[in-house]
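Student: Sequence:
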Amino acid sequence: MRNSYYLKLVPALFSFYAMSANAEVIYPSFFVGGSLGYQLADDDNYSYSDPGAPSFGVSGGVQFNDDWRWDIGYQYSDTLEARQNNIELTPAWFETALRYDWELQKNYKAYARLGVAYWDVDKEIKGVETLSTQGISPLGEVGISYALTPNIDIEGGFKYINEIGDKYTGRYDNNSFVINLNYKFINEKKVIEKVVVKKEPKALPPKPVVVPVKPVKKIITTNEESYVTYFSFASSKVNTGSLELQKVLHILKKYPQSNLILTGNTDSIGSYASNQRLSQKRANSVARFFTDRGISISRITVRADGETNPVASNITAEGRSQNLRVDMNIPSFSYDIVVSK
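When the letters of the sequence shown are read in order and numbered with mature numbering (1 follows the signal peptide of the UniProt record, and there is no 0), they come out as residues -23 to -1, 1 to 318.
It is worth saying that the hints were derived from the structure and are not from the lab. The hints are all genuine.
Within a straight-line C-alpha distance of at most 20 Å, the following computed PhoX-like cross-link-like pairs (lysine-lysine) qualify:
| no. | residue 1 | residue 2 |
| --- | --- | --- |
| 1 | Lys83 | Lys258 |
| 2 | Lys176 | Lys224 |
| 3 | Lys86 | Lys161 |
Computed from a predicted structure; not experimentally measured.
Full structure from sequences and hints, please.
Tutor: Structure follows, in structure tokens:
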């Protein structure tokens, strides 16, 4: 068949891997995808119901940043039958478009595409003749996308191509309802959690005991200490292997006089209310980490700042990754030690 070789131009190649926690996406990146749809041929000169047929497609392209991307693809349609006129149309086309995405809420985006389609149409008038023609028409598409994972998006949209055909084959407008599945090849730059290790002073050798000494109690007052643990995008799952968490747990177990203040934070992506809830869930998850390990909940205060207390700019992916955190503060406290007078 005339169009069969087109279908070999783009392979359906998918592999699965997840974005790691605290990672910055490096642009430009690439994506591939496939689509299923149903198209209707809108012809003002055809007085019956618009003929329709399923369509199939593959595509790929470049993601320039979080909002802009460019794609190129191929679409093939089953035969459109105008039974009343004994006419069959078999369209196929290459398309290329520039796309912009708007963030709606966590994992949801609205999108719009604008570009052109290079089409190839066969028109068969049964028992009379077969005509073929090619041309270029403007293309537009709008829809909603949902991120199943950081790498995989599913989309639903409406696509319009203006005037496919010529004066010999007749012209019609193509209206398509499409479902797209895209896989993004994400390049990451890992942000390493910085851990500051305090050096303990070397113990001095004990002085010789000359005379009997009387032990006395001495009160030690500590300084306030602050630690941070980070989270993945849109996640409240605690990284139980974090060195910062282990250090805080050690202090709480060693000094029962100590208390802990947990403050959850997020980046500014999404609505204020959803970010407030997510920061509360993050703080609660960290609190549960300590209570599961024997720390009384009465020693823990949980707060949620949402997106209101960033430590870095939310404009860049690197800055946003530093705001996906829970601050862990141990206020100053006092304890007794026995010393020789």
